[in-house]
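Visitor: Sequence:
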Amino acid sequence: MNYNITIRQLTDEFEITTRTLRFYEDQGLLNPSRNGRNRIFCEGDRTRLNLILRGKRMGFSLAEIRTIIDMYEDKSGERQQLEHLQQKINEQRRSLLQKQADIVETLAELDRVEVGCVERVRELDNG
DNA sequence: TTTCTAACA
DNA sequence: TGTTAGAA
Numbered sequence: 001m002n003y004n005i006t007i008r009q010l011t012d013e014f015e016i017t018t019r020t021l022r023f024y025e026d027q028g029l030l031n032p033s034r035n036g037r038n039r040i041f042c043e044g045d046r047t048r049l050n051l052i053l054r055g056k057r058m059g060f061s062l063a064e065i066r067t068i069i070d071m072y073e074d075k076s077g078e079r080q081q082l083e084h085l086q087q088k089i090n091e092q093r094r095s096l097l098q099k100q101a102d103i104v105e106t107l108a109e110l111d112r113v114e115v116g117c118v119e120r121v122r123e124l125d126n127g
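One point on numbering: in our numbering, the residue at position 32 of the first sequence is 32, and numbering is uninterrupted.
Just so you know, these hints were derived from the structure itself, not from any lab. We treat Cβ as the ideally placed atom computed from N, Cα and C, and that holds for glycine. Be a bit skeptical, because a hint or two may be false.
[To be verified] DSBU-like, lysine-lysine: derived pairs with alpha carbons at most 35 Å apart: (1) K56 with K88; (2) K88 with K99; (3) K56 with K75; (4) K75 with K88; (5) K99 with K56.
[To be verified] Restraint ranges, calculated between C-beta atoms of paired labels, are given here: (6) R57 with R120: 13 to 21 Å; (7) G116 with F14: 47 to 55 Å; (8) A108 with N31: 42 to 50 Å; (9) L53 with N2: 18 to 26 Å; (10) R22 with N90: 31 to 39 Å; (11) V118 with R22: 51 to 59 Å; (12) V115 with F14: 45 to 53 Å; (13) L124 with T17: 52 to 60 Å; (14) I16 with D74: 21 to 29 Å; (15) E25 with N2: 16 to 24 Å; (16) K99 with R34: 35 to 43 Å; (17) A101 with E25: 33 to 41 Å; (18) N31 with K99: 14 to 22 Å; (19) D12 with E114: 47 to 55 Å.
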């Protein structure tokens, strides 16, 4: 039921590096138990890693992911946890849409400047 | 061989 | 997060 796996097995399974796992631990997203100095990961850690990776796919920062996961594991107040996650999702969506709009604007500016360049070159060629 | 910590051309 | 040196 409750198995222990090495850092290697976990990195192989999720295609990440040991450095990444240790980094997540440093950031407080993971806290595997220890066998002496070596890290021992259990099912809970594996589930947690899944949530971390999912959070990354949604574009959340590790700090945001940490708070979300901490709430997720806190059995009390599931409704509040879900509402918090929805709020973060909305913020993320708004942020991405804004970036998308900014890029569209920048692209349009590039087009305008390019048109100016083309016109000026024609002037030089003609006169 | 594997994992760990710590540090950074 | 990558890479790597040196230790356990």
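Visitor: Look at each hint and say if it fits the structure.
Guide: Right, here's what the structure says about each hint:
Taking the CA atoms of K56 and K88, the gap is near 13 Å; set against the 35 Å cutoff, the hint holds. With a CA separation close to 16 Å, the supplied pair K88 and K99 stays within the 35 Å bound. Annotation: proposed proximity of K56 to K75 holds, straight-line Cα distance about 23 Å (limit 35 Å). For the suggested pair K75 and K88, the alpha carbons sit about 19 Å apart, so the restraint of at most 35 Å is met.
Note on K99 and K56: the hinted pairing holds, with a Cα-Cα distance of about 17 Å set against a maximum of 35 Å. Between R57 and R120 the Cβ separation comes to about 45 Å, which falls outside the hinted range of 13 to 21 Å. A hinted range of 47 to 55 Å holds for the C-beta pair G116 and F14, which are about 50 Å apart. Look at A108 against N31: about 48 Å separates their beta carbons, and that is inside 42 to 50 Å.
For L53 and N2, the Cβ-Cβ distance of about 22 Å falls inside the hinted range of 18 to 26 Å, so the restraint holds. Separated by about 32 Å at the C-beta atoms, R22 and N90 satisfy the suggested range of 31 to 39 Å. Between V118 and R22 the C-beta distance comes to about 53 Å, which sits within the given range of 51 to 59 Å. Range check, V115 to F14: Cβ separation about 48 Å, and the 45 to 53 Å hint holds.
One distance hint, 52 to 60 Å for the beta-carbon pair L124 and T17, holds here, with the actual separation near 54 Å. The beta-carbon spacing between I16 and D74, approximately 26 Å, falls within the hinted interval of 21 to 29 Å. Between E25 and N2 the Cβ separation comes to about 20 Å, which falls inside the hinted range of 16 to 24 Å. Taken as a hint, the range 35 to 43 Å holds for the pair K99 and R34, whose Cβ atoms sit roughly 41 Å apart.
Hint check: A101 to E25, Cβ distance near 37 Å, so the stated range 33 to 41 Å holds. Taking 14 to 22 Å as the suggested C-beta distance range, the pair N31 and K99 does not conform, at roughly 33 Å. A beta carbon spacing of about 48 Å between D12 and E114 agrees with the range 47 to 55 Å that was offered as a hint.
When the structure is compared with the earlier hints, violations turn up for hints 6 and 18 and for no others.
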